[in-house]
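Chains as they are written, first to last, in my numbering: chain U, 1 to 147; chain A, 1 to 414.
No wet-lab data here; the hints were simulated from the structure.
None of these values were measured; they are calculated from a predicted model.
Please note that the accuracy of each hint is not assured.
[Said to hold, decoys possible] Cβ-Cβ distance ranges computed for the label pairs, FRET-style: (1) U:22 with A:13: 29 to 37 Å; (2) A:411 with U:42: 25 to 33 Å; (3) U:35 with A:28: 19 to 27 Å; (4) U:47 with A:75: 51 to 59 Å; (5) U:103 with A:349: 29 to 37 Å; (6) A:13 with U:116: 36 to 44 Å; (7) A:24 with U:141: 54 to 62 Å; (8) U:35 with A:302: 45 to 53 Å; (9) U:101 with A:168: 57 to 65 Å; (10) U:116 with A:148: 41 to 49 Å.
[To be verified] Derived pair list, reagent style SDA-like, types lysine to any residue, alpha-carbon separation capped at 20 Å: (11) A:408 with U:28; (12) U:52 with A:378; (13) A:174 with A:164; (14) A:411 with U:24; (15) A:378 with A:157; (16) U:35 with U:13.
[To be verified] Partial chain U-side listing against chain A, Cβ under 10 Å, derived: (17) 23; (18) 24; (19) 27; (20) 28; (21) 31; (22) 34; (23) 54; (24) 55; (25) 56; (26) 57; (27) 76; (28) 77; (29) 79; (30) 80; (31) 114; (32) 122.
Backbone N, C-alpha and C fix where the C-beta goes; we use that ideal spot for every residue, glycine too.
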Amino acid sequence: MSQQPILEIEKEIIEDFALFDSWEDKYEYIIDLGKKLPALEEEHKIADNKIKGCQSTVWLAASHEDGRVFFKADSDAVIVKGLVSMLIKVLSGHRPEEILEAKLDFIREIGMMTHLAQTRSNGLLSMIKQMKNYALAYQTIQGLEKK
Amino acid sequence: MTQIDSISLDLDLQAIRSQFPILSRTVNDKPLVYLDNAATSQKPQCVIDALSDYYGRYNANIHRGIHTLAEEATLAYEATRFAVQEFIGAASAEEIIFSRGTTEGINLVAYTWGRQHIKAGDEILISGMEHHSNIVPWQILCQEKNAVLKVIPVSEEGELSMEDYKSLLTEKTKLVSIVQVSNALGTVNPVKEMIDAAHAIGAKVLVDGAQSAVHLDIDVQALDCDFFAFSGHKVYAPTGIGVLYGKKELLESMPVFHGGGEMIKEVTFEQTTYNDLPYKYEAGTPNIADTIALKAALDYVQNIGKATIRKHENELLAYATAQLESIPGLSIIGKAKEKVSLVSFIVKGIHPQDIGILLDNLGIAVRTGHHCTQPLMKRFGIPGTVRASFALYNTKEEIDILIAGMHKSIKMLS
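Bound conformation, chain U alone (with noise of 0.2 Å):
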């Protein structure tokens, strides 16, 4: 399986950003990425993988397969679900090393930077630290079993 790099990713939902003219727009389709994205089935929804924010929450289970993490994520809040849903799209199914590389610049690129400045309000700027904590265990895990 080929993966799109995760810098292309970027670039491609700051492009589709880029067509939006209102915030109405913007949120619009951050809101309908947040209903789409499928919900995490509840044997995934346990204290583990629960990272709690002030108002809403938001799970992360991981995963990794021929040397790939593999992210679900799920938020009792849409448009952090929305968010959630697009930090999966870049981040998912590729190699340890290009998950800690990644700087995740579109974030702030869309105009989302807000949403991850508010760290008491959600639990999305501990998402990703935690989506890279995943990617150095399993970096870990093929160091040792290369050994």
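Once you have looked at the hints, place chain A on chain U.
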């Protein structure tokens, strides 16, 4: 003459709004509609001026200096104490302790009176609608002393039943710490009746006045409460200044809180004697500028008159309640018979945070979340609410903007 007619009970809203510079700014290219007053109120120009006047003209450390600036600053600082005394109807200015805010005031009582009087098996009674600030200090104290924290249940309407309350008052109850106005529901609790019942069994009462001080007439002597705590920043004053009122005989008999300068009479390496009230509880250089500006805020409120403000805010509350109730799927959380100008609500199938984000894009500032009352949210089985809270400068037009914003947000999110 001020611009405000203090005889008529009608506010000159245009004049009032022009006194709050922040209200003329835009947010996301739209005029700011500030409906988060229960979190903090905006500041009138006279309060901003008081701060800049102090720093620009007579900044000095107080009480100790003999130079002119120190004397001017001391006089202004102490003038606030008298203004607070009048604002809450205290018997003497010595009963007014300056704090950082309500939270510090409650903690002061927990750490001093609480540690002196609460023993194993004693009970402290709070309500199910307390802010975390009026839960956690007592929890810490109860854990330390093996005492018991008891909770008066909250009804579906968001009220406390006096029957429940009285059944929880026992000879073991040493303290009742109760919020006068709920920050999450707007409920006005019958604190006078509650204080009388607590006193009848010998318990002391602390009233959390964080939300009430700006809306209600406060008379601590008529209430007969033992302690009353409030924050300046919710009464149009700066952040970082609050007040703890305590009955003089209690404050005198309580141990000290923070040690340091200002609170001492004489220090030797062997022993320290403490200063008289209120300085006994004001260790270190206090928050001079904000304290001075607190007087400007209280004077501002008194000049307009709380009755006038209350009348206007009640109209806003009734209007907002009716308008919000007409929105399909919206439920108001907190339907007490007596409320201040604050409406908490949820919309079926929509997370409060999503509404808050979209309203912000429309320039509307509301609060979403649990409002630091997680046990209360749990009682209602919800993660949080959207809360619109109104101040003297809010208008019906702003409520119309909120309602239009709600319709738009719900449409986008459904």
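Consistency of the hints with the structure:
| no. | hint | result |
| --- | --- | --- |
| 1 | U:22 with A:13: 29 to 37 Å | holds, 31 Å |
| 2 | A:411 with U:42: 25 to 33 Å | holds, 30 Å |
| 3 | U:35 with A:28: 19 to 27 Å | holds, 24 Å |
| 4 | U:47 with A:75: 51 to 59 Å | holds, 58 Å |
| 5 | U:103 with A:349: 29 to 37 Å | holds, 36 Å |
| 6 | A:13 with U:116: 36 to 44 Å | holds, 38 Å |
| 7 | A:24 with U:141: 54 to 62 Å | holds, 58 Å |
| 8 | U:35 with A:302: 45 to 53 Å | holds, 52 Å |
| 9 | U:101 with A:168: 57 to 65 Å | holds, 59 Å |
| 10 | U:116 with A:148: 41 to 49 Å | holds, 43 Å |
| 11 | A:408 with U:28 | holds, 11 Å |
| 12 | U:52 with A:378 | holds, 16 Å |
| 13 | A:174 with A:164 | holds, 17 Å |
| 14 | A:411 with U:24 | holds, 11 Å |
| 15 | A:378 with A:157 | holds, 15 Å |
| 16 | U:35 with U:13 | holds, 18 Å |
| 17 | 23 | holds, 5 Å |
| 18 | 24 | holds, 7 Å |
| 19 | 27 | holds, 6 Å |
| 20 | 28 | holds, 6 Å |
| 21 | 31 | holds, 6 Å |
| 22 | 34 | holds, 9 Å |
| 23 | 54 | holds, 6 Å |
| 24 | 55 | holds, 4 Å |
| 25 | 56 | holds, 5 Å |
| 26 | 57 | holds, 8 Å |
| 27 | 76 | holds, 6 Å |
| 28 | 77 | holds, 4 Å |
| 29 | 79 | holds, 5 Å |
| 30 | 80 | holds, 7 Å |
| 31 | 114 | holds, 9 Å |
| 32 | 122 | holds, 7 Å |
Checked against the numbered hints listed earlier, the structure breaks none of them; every hint is satisfied.
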